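Those sequence lines, one after another, are chains A and B.
Residue numbers for the first sequence follow the numbering used here, so the first one is 1 and each next one is one higher.
Residue numbers for the second sequence follow the numbering used here, so the first one is 398 and each next one is one higher.
Hints are not guaranteed to be accurate.
[To be verified] Straight-line Cα separation of at most 20 angstroms, PhoX-like style, residue types lysine-lysine; simulated pairs:
1) A/LYS174 <-> A/LYS281
2) A/LYS396 <-> A/LYS201
3) A/LYS53 <-> B/LYS457
4) A/LYS337 <-> A/LYS230
5) A/LYS322 <-> A/LYS290
6) A/LYS12 <-> A/LYS341
7) B/LYS457 <-> A/LYS322
8) B/LYS411 <-> A/LYS187
9) B/LYS515 <-> B/LYS460
10) A/LYS185 <-> B/LYS415
11) A/LYS177 <-> A/LYS187
12) A/LYS177 <-> B/LYS431
13) B/LYS505 <-> B/LYS457
14) B/LYS411 <-> A/LYS185
15) A/LYS281 <-> A/LYS235
16) A/LYS185 <-> B/LYS416
17) B/LYS460 <-> B/LYS507
18) B/LYS431 <-> A/LYS171
19) B/LYS431 <-> A/LYS174
20) B/LYS443 <-> B/LYS520
21) A/LYS322 <-> A/LYS53
22) B/LYS411 <-> A/LYS188
23) A/LYS171 <-> A/LYS281
24) B/LYS443 <-> B/LYS515
25) B/LYS460 <-> B/LYS505
It is worth saying that the hints were derived from the structure and are not from the lab.
Given the structure is predicted, the values throughout are model-derived calculations rather than measurements.
Next come the chains, spelled out residue by residue.
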Amino acid sequence: MGMGLMSGSMIKVVIGPQHPALKEPERFIIEVEGEQVVQVTPRIGYVHRGIEKAMENRTYIQNLYLAERICGICSHAHTTCYVQAVEDLLSVEAPPRAKYIRTVIAELERIHSHLLWLGILAHEVGFDTFFMYVWRDREVIMDLLEEISGNRVNYAMNTIGGVRRDLDQEKISKILKGLEVIEEKAKKYIQMIQKEPTILKRTVGVGYLSSIDAVRYNAVGPLARASGVKRDVRKDDPYIAYDDISFNIVTRDEGDCFSRMMIRAEEILESINIVREALSKLPVGDISVKTRLVIPPSETVSRVEAPRGELIHYARSNGTDKPERYKIRAPTLANLKALCKMLTGIYLADVPVILAGIDPCFSCMDRMQIIDCEKKEKQSWTLDDLRRYAREWYQKH
Amino acid sequence: MGVVKTQFAFEALKSIFKKPSTEEYPHKRREPPKDFRGRPVWLIEKCVGCGLCARVCPVKAIKIIGRGKEVNVTYLLDRCIFCAQCAESCNIRAIAIVGEFEFAGYDKSKMSYIYDKKQLVEKEAEIAR
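The shape of chain B in the complex, shown without the other chains (with noise of 0.2 angstroms):
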């Protein structure tokens, strides 16, 4: 019982001068590791718009219309459970995983991300011109 008791002493004594356990969140942002796994981003340029994406997704948060150079991708962030299946899938990598998690929000309609490679080609036009 002795020998318990110092343990928890000992335990309990060195915990006093340590700094605290938990993470001081909100104050200081812990870097999520190297693979984290956070939201996909479309690399639009490179996507051809052949859906596969949206059909191993498991809750139908991608939503792909048209094809070539006129994709559109439709990424809804409140369905979306990070599995990130759909880079895993994408055979020409247009899609990256990138190490962001703070998306709590109030706004459901801002949780749709649109990537439309047409604007993006007229964009890219106007500014060659």
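Next comes chain A alone, as it looks inside the complex (with noise of 0.2 angstroms):
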């Protein structure tokens, strides 16, 4: 505050927290002194559903479709944690083929998250027509998804002790078919991203986190591995088929904003052949083991690579057919520091990508308010008003 008096220009810039399309609003006071912003104050809470308290309330079956409506683009790495927390507290394994299937939807979840976000930013930068195309491209993994599990967004593919649906070879075909369509797009996509002058003016350079920040704020997931930290839960920790796959943690080490897109569009080529490889290797035998519905007092910590990072569940249970405690960490909260400490100091401009790179759950920063602490006016912008205020900037510089 001590520099904003010296130079009488201390604004507070509020972001967010109403968007009603988008999951987890979220708040941010940015203190800005002339283009540079100074300190950044997260509040967060402002989608708080009470999941944890309604899963105590509901049985281990019901909890299923729960755990999948925490969120919409990753709901499979959500009920994958959670069939793994429930299989370990029951101590039952589910088979080879059930495991085969979770791997094959999870890495499909991805290159569809993935590709959802690599628009996203584009959107951002005000480069409209890429995001249009990734976008378009998109559909091919959503229609794929819709006739593996009938549902394009919540697949409700897991259930205790397996999976509900199986792969015939006619949903195989169709699912490789569709592969080689994304395979060449994201290729091109990549070589468009290192090429675009409209893309790397905006990114390259842009909300730069080095590695030792990154350990030491914690970051989880792509952010984490395009700082240079080899730091995923598939490899890590490797939890349904991924220790039977090989595959090559994707890396990075500029840590700017062009870097987090370079690492998922990769990313997404690593998860093509994560699913080929699945597919070729997909054992014979049953989808499914019957499992209880009551389970005997136990705890256990599950962890799954969800596509923005490291997810954790917990789950205690007390010999009824209701968990006694659920406790679940999304990986946007783990990257949440990292994201504060990535936004003091850069220009304004550059806080919607920023905060887009971070691929949060919580972007719908739709309402922003400017208070001026000297003028004491208060004046309200929408995310597209930023959104223009940011390529005018640009345009200017």
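Join these two chains into a complex; the hints should help.
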């Protein structure tokens, strides 16, 4: 604040919290001095839906569908984490075929989530053509998921002790055909990202996070990997079928928004290979085992690499058919501290790109309010205003 | 840079001659895939009224009164989340999933489906007579 008084223009920019279209609204109070961000204060908890408490009042079977609805985009990651925890409490293991099918769905989900995010970042930098192309191609994966699971978004593939639907030869050949389309497109997009000046100007060197800071602030997922930290639950603590499948962890050293974009584009290619290998190795056998509905007292922690990073579920049972305590830690919460670090000291015009850069579940900052401390003026901005401001600012500079 | 420009120009030119990528939904109805999870339908002549579907339903969209030949199932479409757990849990396969998805409406009272076995039996008896 002292600096603000000196220059006489400390402004608080309030971003958030409400947007009806996206989940996890979030509010950031950004103190700016001129163009530079001095301090960032996040305020979380706007979409506290009481899911953890609701889970304690439902049976384990009913909780499957509640866990699925924690997040719309990474719904399979949440159910995988949930069934893993419950299977651990029951000390049963899903049959190998079920594990492979879970892997296939998880990677398809990662592909569509990363494509969605690429589109969002392109939209944030003002490159809407790219956004449209990417989202058009994402439909290929969405249609595949609908074909396999019966729904585009909440797949409901997992059940306690296995999966609910099998993959037949027809579906497998459809998946392989769809992957070919996506692979070709993804390779083309990687080329485009690297050469397109619109993207390069807005992302290279923006939102830098050093590898030391990524470790210090506990960044997870693609955010950590873009800063050169090899952190991936799929390798560190293999679950479902990942220990049987060979794949690389994609890392880059730049630690800026551009490397985050490249990481996700390259992870799409890596995921395509994982799906292909999983489908070629698909074991024969049952897809689920019968389990009891009542679980003896125990407790467990389960970890899954969601498209956005490490997801942790904790469960404690008490001998009934309902959990006694359930705790969920989503990857965005882990990345929040690193985000605040990245936002400090940058230009206001870079805020939307960096916010979108961590692939938040909360990028729903539709209403923002500018309070000029000196003039006591209030001004309401929408996210579109901020985006327009950012584009105009970049045209001038 | 030149490469990128030609690539984008090529993509844009191709798009001119293509039909729109979006679905022309209200005019052209896309058929849902074979295993689409739509509305559950009770095959009431099979149902024994064990109540398992009502117990597993995560949103309490199913109400069952009576057992055996007097079973009455009320299915509330406005509560249903289309997870199809009821059909999966049914041991005698008395619940079928149909590929319907156009359920929007203004009247909530029209969104409950009642399956009554007693009525069905009476109707069949009448037809037999």
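Next on the checklist: Does B/LYS415 sit within 20 angstroms of A/LYS185, going by the straight-line distance between their CA atoms?
Outcome noted: Status holds; Cα separation ~17 angstroms.
Next on the checklist: Need the status of pair B/LYS443, B/LYS520: alpha-carbon distance at most 20 angstroms?
Outcome noted: It holds: about 16 angstroms lies between the C-alpha atoms, which stays within 20 angstroms.
Next on the checklist: Against the 20 angstroms threshold, does the CA-CA distance of A/LYS322 and A/LYS53 hold or violate the hint?
Outcome noted: holds (11 angstroms)
Checklist entry - Are the Cα positions of B/LYS457 and A/LYS322 separated by 20 angstroms at most? => result Distance ~16 angstroms between B/LYS457 and A/LYS322 Cα, so the pair holds.
Item to check | Hinted pair A/LYS53 and B/LYS457, Cα distance within 20 angstroms | outcome: The given pair, whose Cα atoms are some 18 angstroms apart, holds under the 20 angstroms limit.
Next on the checklist: Run the distance test for B/LYS431 versus A/LYS171: straight-line Cα separation, threshold 20 angstroms.
Outcome noted: The hint holds at about 11 angstroms.
Next on the checklist: Checking one constraint from the list: CA of A/LYS396 to CA of A/LYS201, max 20 angstroms. Satisfied?
Outcome noted: holds (13 angstroms)
Next on the checklist: Hinted pair, alpha-carbon criterion (20 angstroms max): B/LYS460, B/LYS505. Please report holds or violated.
Outcome noted: Satisfied, since the Cα-Cα distance of roughly 16 angstroms is no more than 20 angstroms.
Item to check | Pair hint outcome, A/LYS185 versus B/LYS416 [Cα-Cα no greater than 20 angstroms] | outcome: Holds, at roughly 19 angstroms.
Next on the checklist: Given the hinted pair B/LYS411 and A/LYS187, is their Cα-Cα distance within 20 angstroms?
Outcome noted: The given pair, whose Cα atoms are some 18 angstroms apart, holds under the 20 angstroms limit.
Checklist entry - Does A/LYS185 lie within 20 angstroms of B/LYS411 when you go C-alpha to C-alpha? => result holds (14 angstroms)
Checklist entry - CA of B/LYS515 to CA of B/LYS460, is that 20 angstroms or under? => result Holds, at about 16 angstroms.
Every hint, counting from the list given before, is met by this structure.
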